[in-house]
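So the chains spell out like this:
2 protein chains.
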Amino acid sequence: MKKKQHRPLRALFVGFGHVAQKMAAMLTVERKSFPGLKDLDLETIGILTRSRGVLVNPAGIDLAWALRVLGEKGAFSRQNQLSVRQAVEELDYDVLVELSTLNIAEKGEPAVSHVRTALNRKRHVVTANKGPAAFAYRELDRLARQNEVSFLFESTVMDGAPVFNLQRYSLRGCRVTGLSGILNTTTNFVISRLEQGESMASAVKTAQELGFAEADPALDIEGWDAAAKTAILANVFMGANITPLQVERQGISDLTAGEAGRALKNGRCLKLICRAWEEKGAVRARVGVEEISLRHAFAAVSGKGAALRIETDMMGPFWIVQEDPGLNDTAAGVLQDLLSVAASR
Amino acid sequence: MKKKQHRPLRALFVGFGHVAQKMAAMLTVERKSFPGLKDLDLETIGILTRSRGVLVNPAGIDLAWALRVLGEKGAFSRQNQLSVRQAVEELDYDVLVELSTLNIAEKGEPAVSHVRTALNRKRHVVTANKGPAAFAYRELDRLARQNEVSFLFESTVMDGAPVFNLQRYSLRGCRVTGLSGILNTTTNFVISRLEQGESMASAVKTAQELGFAEADPALDIEGWDAAAKTAILANVFMGANITPLQVERQGISDLTAGEAGRALKNGRCLKLICRAWEEKGAVRARVGVEEISLRHAFAAVSGKGAALRIETDMMGPFWIVQEDPGLNDTAAGVLQDLLSVAASR
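Quick mapping for you: the protein sequence lines, in order, are chains E and L. 1 is the number of the first residue of the first sequence in the numbering used here; add one for each residue after it. 1001 is the number of the first residue of the second sequence in the numbering used here; add one for each residue after it.
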C-alpha cells in the first residue's frame, strides 16, 4: 500500500489541446469534484506540443501552473528544442499519453511511431488519437502484450462511455458478429441543422464554434473520422485487420438542407451510419449516409449524441448510447485508461 | 494449461426452468454455435428443482440427457429426497447456480440462505434470482470477498447485456450519481398493448403465453420485479443498502387502454420508469408510471426492450439499451458469469 503511494505514474504528454487541458483541470483545480481520481497519482514529466512549445521536468510539472501559463501566454517556453520523437525515445516516463490528432494522409503517423517506440521501451500507452488503433492495431496490440504493458484508447470512440473496456471485460464467451453506429458528432449535428433548413457551411461553422468539430472539417465531413472509428471497432471487436482506407466511405459533403427536409417530410431521416459485418469469412466495413425511419432507434440519436449497436452470437443486439457528450467525456475516457494502467501496476 | 483442462468447474443447479434448460441446450446440443464457450468446462453434479424432482451424480450429469428426460417425462426421478438446503450444504460443488425465482413475500428466501451457505463454504455463486442481491447485497458481497469467491448476478438486470460487469470494469474513477431505466419487460409490453386498445387482462395473458411474464403476474404488474432490479442497481452502482421494500413503488394495475391512448394522442406516452438518485446524503429509489414525451429516448423502448441510463460525475449520461431480448439472453448472462468464475480460478 505504502509503496504504491510513493510511486506515482510518470506521464509524458504529447499534445496539449482541449482534451489535455480539461484533464489537467480535472486533475488539479477541479479534483475535489472527482473523488474517484484518488487512486490516480500522476506525475507529469513532460508536455510536448506542436505549436505551443515544450515543458520538461523530471521532478514533475505542476499541471495547474502549466494551465495558467497557457492561459496567460498562449504557449510554453519555445527555448526547449526537444522533438517529440526524442522525448518519446529518451525521457523516463511510465506512460505515454498521446493526445495529438488523427492524420489520415500520413496513415496515423507520427502517432503510430510514438506508440510503437513507447511500447518497445516497455512503457504503457494511453491515447485519444484514433491513428494508432485504426492503422496499426494488430501490431501495437501484439507489441503491448509482448512487453507486458497496456495499449489503451477508450476515448477514441464515444469518449469515456464504455466501449473497449466493455469489449474487454463484459462480453465473455460472446462472438461479435456485427456492429453499427452513429459515431461522428459533427456530421450528426450538421445533419440535424440541415433538417432545420440551415446551410452546410453555416452548420459546419457552428460545430466548429461549439468546439467539437475537428480543426480540419474534411476529417468529419468526408467521413474519415467515422471510418477511423469503424476500423478500430472492427479490429478490436471482430478480429479484423483493416485500416480506415479499407472502410468503404461516403461523407455528407453532398447533402443539402433540401434533401434532409424531404426525408423528414416522408417520416424518415438521414444519418451517417458506420457498419461492420462478416462476409465470406472476412470483416467488411462501411461508412455512409442512410435514410432511416424516424421510428428507428438511430433516429433518436440527435445533435451531439452517439450510439453503437453490438450484435453477438449468444445475445440479441444491445446498444451503448451517449446523450450529449462534452470535452469532459473525452477527458474522462483518458483518465479511466490511466486508472487502468495504475491498477495494473 | 493442462491442469486447467483437467479440472472442470463443478456446478450445482438450483432451479431448472426455462433459463437453465436454455443454458443446458447451449452447453450441449447447440454448443457448436457458440465458440466462446470453449473456455467453459462445466460439470454438473446436481440439479435440484421444486416440482420436477432431483438429479445428483458426483461423476457428472449429462445435460443433454437431462434435457431429454425432462422433455419426455416432464420431471427427473422423484425418489431422491435430498432437499435444496441439504444439497447446498453438503454436496461437493465449485459453483452454486441459483436459478430459482424471486420471492418478495419471503424477502428473497430461501435463495438468500442458499447463497449465504455456499459463500460460507467458499463456493462461488452465480444467480439469475434477483432475491439475493436485492435483499442482502451488502452482506453477501462482503461474504464473497472474505471467502475469496465470486458472487455474480449479471442476468438479474437486462439479461446478458453488460450491466454489473460494466459497473465492475468500465467506470473507473466515476462516481454514479443517478440511474433511471425501463427494466421490466412485461409491463413495457403490456403498456404497448394498452396503447393499441387491448385490455389489461388480455395483454397480460399474451405476455404469459409469449413466455416472458413471471408466473405470478403481480411480480411484474405491481412493480415488484422492477423494484427488485432498482434495489440491486442502487446497491451495486451507488453504494446503497436498500431492499425492494424500500423502493417507492407504483405498478401499472390501475392503467387502462383509455389512459394509454389519451397520452399518445397528446404526443406523449406512459412508461414504468425505475429511478435511483441521491438526496440529502442518502440514495432513494422509486418505480412508477411516468408520462413522457414521445421524443424522449425512453419512448423508443418498446415491446420487450429495456434501457438503463447511467449518470456519473466525470461523464455525461450514457445508456445501455436492449433491443428485443429472449431466453437466450438470460442464459447468456449466466454463462458469462460462469466464464468469469472459470477465468478467476
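Just to be clear, a hint being listed does not mean it is correct.
Unchecked claim - Selected chain E positions facing chain L (in silico; Cβ < 7 Å): (1) Gly74; (2) Ser170; (3) Arg175; (4) Lys304; (5) Ala332; (6) Gln336.
To be verified - Cβ pair distances, simulated, as ranges: (7) L/Lys1280 to E/Gly60: 34 to 44 Å; (8) L/Ala1343 to E/Thr28: 54 to 64 Å; (9) E/Thr177 to L/Ser1202: 30 to 40 Å; (10) E/Ser202 to L/Gly1303: 34 to 44 Å; (11) L/Asn1266 to E/Thr256: 53 to 63 Å.
Just so you know, the hints here were simulated from the structure itself, not pulled from any lab data. For every residue, glycine included, the Cβ atom is placed at its ideal position computed from N, Cα and C.
Comparing the hints with the structure gives:
no.: 1; hint: Gly74; verdict: violated, 28 Å
no.: 2; hint: Ser170; verdict: holds, 3 Å
no.: 3; hint: Arg175; verdict: holds, 5 Å
no.: 4; hint: Lys304; verdict: violated, 9 Å
no.: 5; hint: Ala332; verdict: holds, 4 Å
no.: 6; hint: Gln336; verdict: holds, 4 Å
no.: 7; hint: L/Lys1280 to E/Gly60: 34 to 44 Å; verdict: holds, 40 Å
no.: 8; hint: L/Ala1343 to E/Thr28: 54 to 64 Å; verdict: violated, 38 Å
no.: 9; hint: E/Thr177 to L/Ser1202: 30 to 40 Å; verdict: holds, 36 Å
no.: 10; hint: E/Ser202 to L/Gly1303: 34 to 44 Å; verdict: holds, 40 Å
no.: 11; hint: L/Asn1266 to E/Thr256: 53 to 63 Å; verdict: violated, 34 Å
Checked against the numbered hints above, the structure violates hints 1, 4, 8 and 11; every other hint is satisfied.
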